[in-house]
Each structure stands twice: as C-alpha cells, then as structure tokens.
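Enquirer: Protein sequences appear in the order of chains W and Y.
Position one of the first sequence corresponds to residue 0 (numbering that gives the first Met the number 0), numbered consecutively onward.
Position one of the second sequence corresponds to residue 0 (numbering that gives the first Met the number 0), numbered consecutively onward.
If you're looking for bench data, these hints aren't it; they were derived computationally from the structure.
Among these hints, one or two may not hold up.
Said to hold, decoys possible - A few chain W positions that, by computed beta-carbon distances, are all more than 10 Å from chain Y: (1) Arg-22; (2) Ser-38; (3) Glu-101.
As the list claims (entries may be wrong) - Within a straight-line C-alpha distance of at most 25 Å, the following computed SDA-like cross-link-like pairs (lysine to any residue) qualify: (4) W:Lys-174 / Y:Thr-295; (5) Y:Lys-2 / W:Cys-3; (6) W:Lys-30 / Y:Asp-154; (7) Y:Lys-167 / Y:Ala-134.
What the hints assert, rightly or not - Partial pick of chain W residues on the chain Y-facing surface, computed with a CB cut under 8 Å: (8) Leu-51; (9) Ala-52; (10) Lys-56; (11) Ser-67; (12) Ile-76; (13) Ala-120; (14) Pro-131; (15) Val-139; (16) Arg-140; (17) Tyr-142; (18) Ala-152; (19) Ala-153; (20) Met-157; (21) Ser-158; (22) His-160.
Even glycine gets a Cβ: it sits at the ideal position worked out from N, Cα and C.
Now for the letters of each chain:
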Amino acid sequence: MDDCKIIDLFNERSEKAISAISRKYGRTSLKIAENILKSKEDAEECVNDAYLALWNKIPPERPSPLSSYLFKVVRNISLKRYHKNAAQKRNSFYDKALEELENVLFADVSAEHELIAKDIAEAVNRFLGKLPENDRIMFVRRYFYGDGVKEIAALSDMSPHYITVRLSRIREKLKTELIKEELI
Amino acid sequence: MKKEKISEIISLIDDRFIEEAAEVKKKPNRIFRYAGIAACLAVAVIAGIVISQSDFVTPPPISAEETTDSESGGGKNTQEITPSPEIVTEPAIETVTGAEMMICPKWEDRITSDKFPEVMLGETSYASQRTELAAENIGEFISDTVMSGYDIYEDKTYATDAKIYSVKNISTDCAVAVRIGNEEVYYVYINVWYTPETLGDLIDAIDMKNTVSFGKAYKDYTDYDKKEFVSVVFADFDDSIVWNMLLTDTEVKNIEYDRFKEMLISVSVDIPLLGYKNISLGVTKDGYIVTNIMSTQKCFFIGTEKAEAFEAYISGNVAFKEMVTVYENPDGTIPGKGETTPGYNPDEVIISPPYNTATDKAPPEASIRPVRPDTVIEATTQLK
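Put together the whole structure using the sequences plus the hints.
Expert: What follows is the structure, encoded as structure tokens:
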C-alpha cells in the first residue's frame, strides 16, 4: 500500500492505518528501536507508542515522506526510553556509536562554547549531500539507524575493518567541515 | 548531556538521507554489489512474465513535433518521477530474500582485489575498482605495503604484502596500480576523495583526452496530462561535441552543488582504464556540469548558454529513440484509451505514485496506481 493510502486511512480514523503502517515499516521501526534499546520488549513498546503518536498527529499533519517521519518518531521515543534506562544501566552498544561522534563534535570545544544543534545539523546535512552514496548510507545506518559495524559490513560486502576505517575517515572529514564552518 | 545533544543533531538528519538508507535492502544495487545480479535476474524473470501475459496497447509513435510539445508541457517536473525500471524492481526484489540475497561471495570465490578492497598510500585511502591493468599501463614503483582483507564467513582477517605503482599518465592523487602478493596482475585502486580545483585539473589528472570516451546522451521528462514518463536516448555521437561545447573552459572551479537541481541532458562516460563504465556527465538547467567521474560529485559552472546550446545541438542533430511509460488506471485501463490490458493484475505490482509527494499535490484517484512500462515506443528518428 502506498503512503498516501496509509495517510488516508489515518485521516479516516481507520484502525487499518496502524496495521498498514506496521506491515510496511514495522520491521525497520523495530530495528531502530532495538538498536538503541537492546531489548525487544522495550523496542516493541516504543514502536507502538510511535504508532499512537502518529495516530494523534495525523490529521492534521500529512507527513511526506511518511517513512522518515515515522522513523524519527520511533527514534525519539526510543532515545527517551534509552536515557531513562541509562540512568540505571549503561547500554554500551549505543553509547559507543554516540561516543564516536562525541569525538567529532566535542573534541575541540571549550566549555563555554555552546553547540547549536540546528546549525550543526544543517552542516551535517550539507556534508552528507556531498558524500558518495555508499558512504552516506554507511553514516546514516550507523548513527541514525544505530546499526553495528558488522551489520553494515554484511550489508555492503565489505569487511568490518573496512567499514570502521571508512566511518572513521567520514567522521574526520565531517570534523574538518565543521571546523571550516566555525561550528566547532 | 553531550550524548543528548548528539542525538538531537542526528535526529535532524534530512528525511531524504533517512529514506535513502532505509531503502538499501529494497534497492540492493546501491550498496550491495552482488545482490544486484540476483535482483536483476529476478527483475528479468518477472518482467518477462508480465510482458508475456499482456498484449500491449501501443499508441502511435510520437512525432518530432509531439515530442517538442510534450517536452515543453511537462518540463517543469522533469527528474521528479519514478522512472519505469522502478516499476518492476520493488515486487521483484521482495521475492529474493534471505539466503538468495547472499551478497558476499565466499572468500575463495573473490578476485584478489575484492579480498583486499583498500590500500593506503601515506594518508590517502584507495578503493579497489575490480579492474585489472595491462602491464604497459604500469608506471613507476612507489612503495611496498601490507593490505588486509576480511572473510566474513570465517571471521578471519588476512594480511598480504603488496606493491604500489603509479598508473601511466594518471596522477597518483587519483589512482594507483597495486600488485597483490605474488600474483602477476595489477589492479587499479581509486582515491574517491580526489577533489580537483578546476575542470582543467580533472582533465589533466586522469588524462581525460586519452582515457575517457563518451557514449549516449539521455533526457527524461514527464507529460502529466498524458500520464507518461518519456525517456529519450540519443545515439552515440562524436566525443568532440562534448569537448568543444562543454569542456573548453578549463579554468572553471569545482564547486559544491545541490544535487537535486534539474538535469537538462546527460551523457554516459566510460573510463575503461580506471574501471568506470556508464557513469555520467550531466548538464543542469541552470548551467552546471555535474559528473561522478572518480566516484564523487564534481561540479563546474559553464553557464546556461553553453548548457542550452549543447542540449539543443544534441536534440536537433542526433538520432534518438524514446521509451514511453504509460501509467495505468486502477481498473487496468490506460488513460485516454478506455481499454483494459489483458493479463493485468492490480495486486501484482505496486509502486510509488507518479508524482512527488513532497512537492506536488496528490493526483486524482485514477492515477494513484500506476503500473508498468506497458507501452514502449521505439521510434528512431533522424531529425533534420
């Protein structure tokens, strides 16, 4: 079913909307949540919460593209849960992905220099736009979807070592760009 | 706090990149090298079934005048439409899952440059192009090195000695030749991050005059009224046309460019020496040359006058053929024809609608379910 049809179901307040969106994007949504939370039960709850959030937002909203809108909602809800859980125990898996970027975004930052997320995000998007497609996909799979290096390696027919090196180079280039733009 | 800030930044990654990465499994030819082969086979099989089950209704060939008319009518939305190959891709690939989608050959089945996909020379990384170089193209010895490879099945890492050479007439900023282990074979490895300052730098660095050949030209547009996606393919033409009309000003700078600008016409590019086949050199409506020579985008402003002159010359002087995709109505009728295509099964193929959800209004219900490239016109026409 195409996205317009799914949104129409939301507009009609039809419960089929939930099963339709779940059939089409459920697996990826669950993967995003699981990558962050490392708990199937927590991930399922977050994905269900995301569907509910969409139910409450559509209408009046008519997100396009629907997929990335849903994935962002799933990610945000999962992160909230993650930060709540993290107060009790650390999830070294997702922490590692964040730490990789921490070295890029905070390495040269003096304490009083406040990062402006929106400006940095815009610069990151410009940077991603210039990357070769495969590198961009690698970056987004790693840091947005939270995929592990081995998973990306399996997807891309490259060794984990290659992916690690490639991601490290991409981060270095990102850092150089951000410094050049005086954002960090 | 830092982690929350990073999470916030990552949450603001552009939708189009999130979508692109989400589609990796659906479109394996992007990042998956080997899955593409399996997917293509599946596409061929399914396309074959669809075609064999239908007696296509073929509208009369489009004349040169009609082409011009529809082009001016649908030009504003050029490049925003899902072209016909998409139509069979999605359902086809869903039939190729799990083990069938085996994306990585066994270690022993890989060619040596696949086993060792990257080589370092100083701080520069070069990626394998899976292309062998003849001994006559090998330049000077540069250095010994050690390369590593990974067997994903056995979880083993391998290391091998290798020798790095220059490639004759090619700058080492762009590519090197590598002899791996004791093999008497040289493979080309590319620095995909090579960024020339000017068009002239690029031309010189890879000796474009001698290594590059241009192929067919392509122009796409959509006729919304007829619900047709038209892809015009121009026959091979003399390379000197590209050189004389587009690549004369070698001083133009390589600049950053928004990749979503509209393309006026593009030309296929082969660089056999460096392992490139059917890559692209495009001319945008706002006067830029955009190319993926050396794998990453390079962009040079040449002005709208030159861009339009090139497009006009090719359109007016080179033989072409058109592929027209007609989108069917949900009931299987072809818009404007009132006939049902035999063998049409609406559940068989589902694809994105023929409009851009981000920028266009939703189309009328009748065009929600476009289906397949069921009308192909091959009208080879020599204008003038």
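Enquirer: Please flag the earlier hints that this structure goes against, numbers listed from lowest up.
Expert: The structure conflicts with hints 3, 5, 8, 9, 10 and 12, although it agrees with all the remaining ones.
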